[in-house]
Amino acid sequence: MHLAIPGCVIIVGEVLPARPSLPFQPLAGPLSHTARSLVGVRLEPMPEPLFRKLFLLFLGGLFLAHPPFSAAQPSLSLRSETVFRAMESFDEQGDLSRSFPAYEYLRADVSTPVKGLSLHVYGWGRYDFAGKDHFANNPDGDLFYGYAEYAPADGNLSIRGGRQNVLSAGANETMDGVRVRILPLSWLSLEAYGGLASAVTDDDGADGDYLAGGRAGFFLPHGAVFGFSFKELANDGDDNERTLGVDAYFPLFADITLSGMAGYSLLNGGMAEFLVEARAPLGPLWVEPFYERYFLDNLFNTGVDSARPFRILALTENDISAVGARVRHPDLFGLETSVEAAMYQQEAPGGASWHVKALVAAAAKGLRAGGEAGRLQGFHEQGYVSGRLFAYWGNPLKAVSGEFLDAEAMVVRYDEEIFGKDASWHVSVGAGKFFLKEALTLSVAGIYEHSPYLDQELKATVFLAADGGI
Amino acid sequence: MTAYAKSLGLACLAALFVFACARGLPLGLPLAHPDAGLGEQRPMCTGCHPGADAYLSYRRYDHTPAFAENHRLAVRVRPETCRMCHADSWCSQCHGLDQELTPSQKHPHQVWRRNPHRGNYLTRHRVEGGVNPAGCYKCHGNPESSETCVRCHG
Chain X
1 MHLAIPGCVI IVGEVLPARP SLPFQPLAGP LSHTARSLVG VRLEPMPEPL
51 FRKLFLLFLG GLFLAHPPFS AAQPSLSLRS ETVFRAMESF DEQGDLSRSF
101 PAYEYLRADV STPVKGLSLH VYGWGRYDFA GKDHFANNPD GDLFYGYAEY
151 APADGNLSIR GGRQNVLSAG ANETMDGVRV RILPLSWLSL EAYGGLASAV
201 TDDDGADGDY LAGGRAGFFL PHGAVFGFSF KELANDGDDN ERTLGVDAYF
251 PLFADITLSG MAGYSLLNGG MAEFLVEARA PLGPLWVEPF YERYFLDNLF
301 NTGVDSARPF RILALTENDI SAVGARVRHP DLFGLETSVE AAMYQQEAPG
351 GASWHVKALV AAAAKGLRAG GEAGRLQGFH EQGYVSGRLF AYWGNPLKAV
401 SGEFLDAEAM VVRYDEEIFG KDASWHVSVG AGKFFLKEAL TLSVAGIYEH
451 SPYLDQELKA TVFLAADGGI
Chain S
1001 MTAYAKSLGL ACLAALFVFA CARGLPLGLP LAHPDAGLGE QRPMCTGCHP
1051 GADAYLSYRR YDHTPAFAEN HRLAVRVRPE TCRMCHADSW CSQCHGLDQE
1101 LTPSQKHPHQ VWRRNPHRGN YLTRHRVEGG VNPAGCYKCH GNPESSETCV
1151 RCHG
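Line by line, the protein sequences give chains X and S. According to my numbering, numbering within the first sequence proceeds without interruption in unit steps and concludes at 470. According to my numbering, numbering within the second sequence proceeds without interruption in unit steps and concludes at 1154.
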């Protein structure tokens, strides 16, 4: 069945070639290619009369509530971010390396004359003026997303087609495909997505590749949420991931809340991850205890679509548990303070490690300043102590508005030497100014780094952002 | 499952779909936050809203100092909450495929943001990666986003 609205194509059931009898044809290009690759949601063909009935029913519903050709004021919103960087580094042998990359990030949001239909594009590109092979292993740019969305103002329906990020339920993927989210009832949310995952290897082209999944969410009184999700990812015909998920959020009593999620690998037949956390007021404090557990053989992908460290770790059948708490005081003598402590347990290294970090920050009259300190005790006697100070000062010159100054210093001292060094430094100072009611931002920063990997590194960054539209 | 049962299931879904379209009344959260000028400050939802109402538990979305590091559950249970204030490009700063610059490299002046990779992270990852590799996998688990890993780890 092909369902179509301007700018978007939904295919449900058996994936068929375009049929001239349908009122709309699939779009040419990547979207229709994606749609034809939806072998993962291959279902039995439905009887032809039922297809037509459902199709007409769907269109009728859309027309009833949201006449698709009702006029809307078109608009275009653009944001350009240009980053010039100059980097000069010396390695241990004293060899000098220089690069001068320029990055352009461009985002466009277009509201079309068709009410509820919009187009969204965001991508980046890089050019290295040094012309060397510093970035030889990296792509010179990419499209983060580029999709058409139909979303009426009532917020009950959203249909997206094209390259998009799927960040919900068990998914954190970039996909070329279609995603539909509907709220048929005030207590029910349904989401389904399908297409090609952009991150899988393309050794065999798009044959046998697909990403499919969805989530059913139930909204209960007092903001409670309960959801079930499913996600399946395949590359070159091999199943990489097939996961069932459960997520929940429950306000209990006296401002105490409980939330969590769990993922179960259907491929391996075992639990992949489990997280639960609570939030509770304790006098002026907010306390957030948490517990996490990861089963690496079920969580990590062991196929070619996984970086080597994860493939090796998956074979260890190790599992990791983390238990800890965050404690926050929102206003301790005018300071926001936060302390987090966590203990990690692993079977393979045969021991425990822990991490404690604390933050103190203040904000008043354009000044934001603070400091962080932490101690990580890792495995095999590895560990470090870290400290960071930062300050941002808006409008230091009262006579001129919009300018700002910033500074940051971070030092890390390691328990054991790494490449003969036991510390790393990072210092940055910067200044900038907002123009035209913050539609234009210009900032410059100078950065010095000293670390075991690169002996010394000097960086300069010029950042220019511009917002506009018609 | 027979073709008939599948057809019936799809018919029920289509009926729910049509019902949702035909209502025309908002059933969930608005598409955009009515106050568009939240600026660069970390917003605390409970500064204006109660802890929770019939629609949402606002306290879960308070941008506390640790929010950047533990917003995973909040996004999973109700991602449309984030989209009221943030365009997708906000998420792409960290989660975007082939993202070369970390947020702190791209916006060095935003020193108050607690990004996980602040400062010289390359050295720290030797220790942190061993303690909890699952934390790395969430973002670097696929070939595109692990290009930085492959250079050294193969």
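Treat the hints with care, as some may be off.
[To be verified] Heads up, simulated EDC-like pairs for lysine to aspartate or glutamate below, C-alpha to C-alpha not over 20 Å straight-line:
id	chain 1	residue 1	chain 2	residue 2
1	S	LYS1138	X	ASP297
2	X	LYS357	S	GLU1128
3	S	LYS1106	X	ASP467
4	S	LYS1106	X	ASP142
5	X	LYS437	S	GLU1128
6	S	LYS1106	X	GLU457
[As the list claims (entries may be wrong)] From the structure, some residues in chain S lie toward chain X, with a derived Cβ separation under 7 Å:
id	residue
7	ALA1066
8	VAL1111
9	LEU1122
[Unchecked claim] Listed next, with one range per pair, are the computed distances between beta-carbon atoms:
id	chain 1	residue 1	chain 2	residue 2	range
10	S	ARG1151	X	LEU315	20 to 30 Å
11	S	CYS1048	X	LYS433	24 to 34 Å
12	X	ALA348	S	PRO1030	32 to 42 Å
13	S	ASP1053	X	ALA373	33 to 43 Å
14	X	ARG98	S	ASP1053	50 to 60 Å
15	S	HIS1125	X	GLN345	13 to 23 Å
16	X	SER97	S	LEU1031	45 to 55 Å
17	X	ASN138	S	PRO1030	16 to 26 Å
18	X	LYS398	S	PRO1030	36 to 46 Å
19	S	ASP1053	X	GLU381	10 to 20 Å
20	X	ASP207	S	CYS1048	45 to 55 Å
No lab work stands behind these hints, which were simulated from the structure alone. This structure is a prediction, so every number in the text was calculated from the model and none was measured. Don't be surprised by glycine CBs; every beta carbon is placed ideally from N, CA and C.
List of violated hint numbers, smallest to largest: 5, 12, 17 and 19
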